[in-house]
Amino acid sequence: ETGVTQTPRHLVMGMTNKKSLKCEQHLGHNAMYWYKQSAKKPLELMFVYSLEERVENNSVPSRFSPECPNSSHLFLHLHTLQPEDSALYLCASSPSGLAPQYFGPGTRLLVL
Amino acid sequence: DQQVKQNSPSLSVQEGRISILNCDYTNSMFDYFLWYKKYPAEGPTFLISISSIKDKNEDGRFTVFLNKSAKHLSLHIVPSQPGDSAVYFCAASEEGGSEKLVFGKGTKLTVNP
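So the sequence lines, in the order shown, correspond to chains A and B.
Numbers in this note's numbering are just positions in the first sequence, counted from 1, shifted up by 146.
Numbers in this note's numbering are just positions in the second sequence, counted from 1, shifted up by 957.
One chain only, chain A, in its complex shape:
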């Protein structure tokens, strides 16, 4: 499998649930990202990992917890989410330097 993959593609969860989103990249990149896309809003950067270390956290609520066990895998652990957290969550990866980011297909999350 090539590129950036994300699982699950769709997720429905209650506010008391705990779930995790998974991202895997097969491109040999050393930076990975989580973005949130809400309706009628631009993509919002949530977390950046470079060489498995978090380098950016754009003031994301603690109910979102990222994990990067190695340069190919990225997780987003979710707990006690709110209905306004319903959105498309996108993972991306990139090589270092001046280069584009490559996105996965996203996980469509609905919080009830």
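Each hint should be verified, as a subset may be incorrect.
Unchecked claim - The calculated SDA-like cross-link candidates involving lysine to any residue, where the alpha carbons are at most 20 angstroms apart (straight line), are: (1) B:Lys1057 with A:Glu199; (2) A:Lys182 with A:Arg254; (3) B:Lys995 with A:Tyr248; (4) B:Lys1062 with A:Pro251; (5) A:Lys187 with B:Tyr996; (6) B:Lys1028 with B:Ile1005; (7) B:Lys1025 with B:Gln963.
Don't read these hints as lab results, they were simulated from the structure.
In this text the structure is predicted, and so the values were computed from the model without any measurement.
We have chain A already, so just place chain B on it with the hints.
Showing chain B alone in chain A's frame:
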């Protein structure tokens, strides 16, 4: 306040004609610009990029123009094809790296046969 603005939410063009998508930015420190295309139920796909040392970059039917003094960039697609129908996002970053991309809200392009 939005640093990257795509003021046209939608654009409709006839097949074979030119599509011009526009993007304005406010941060003069931005020095790397990208265009992405997004189909429904898929993630954004990288199309073309340009660094601030250039004013034009071309790749097949896609050309990006950068006007630094006006803080404006545009994407030209010629000739437009029905398969180009998608949402197009402009993105920018500063400090010579692409780790912190700032995105516009997108423009939905419809190419009519």
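To see whether the hints hold, each was checked on the structure:
Between lysine 1057 (chain B) and glutamate 199 (chain A), the direct Cα distance comes to roughly 15 angstroms. Compliance with the 20 angstroms bound is thereby established for this hinted pair. Under the criterion of a C-alpha separation no larger than 20 angstroms, the hint pairing lysine 182 (chain A) with arginine 254 (chain A) is consistent with the structure, at around 10 angstroms. A threshold of 20 angstroms between alpha carbons decides the hint, and for lysine 995 (chain B) with tyrosine 248 (chain A) the separation of about 12 angstroms falls inside it, so the pair holds. Of the supplied pair hints, the one linking lysine 1062 (chain B) and proline 251 (chain A) holds, its CA atoms being roughly 18 angstroms apart against a limit of 20 angstroms.
Between the alpha carbons of lysine 187 (chain A) and tyrosine 996 (chain B) the distance comes to roughly 16 angstroms, so the proposed pair stays at or under 20 angstroms and holds. Distance check on the hinted pair: lysine 1028 (chain B) and isoleucine 1005 (chain B) sit about 18 angstroms apart at the alpha-carbon level, within 20 angstroms; holds. A hinted pair counts as satisfied when its Cα atoms are at most 20 angstroms apart, and lysine 1025 (chain B) with glutamine 963 (chain B) qualifies at roughly 16 angstroms.
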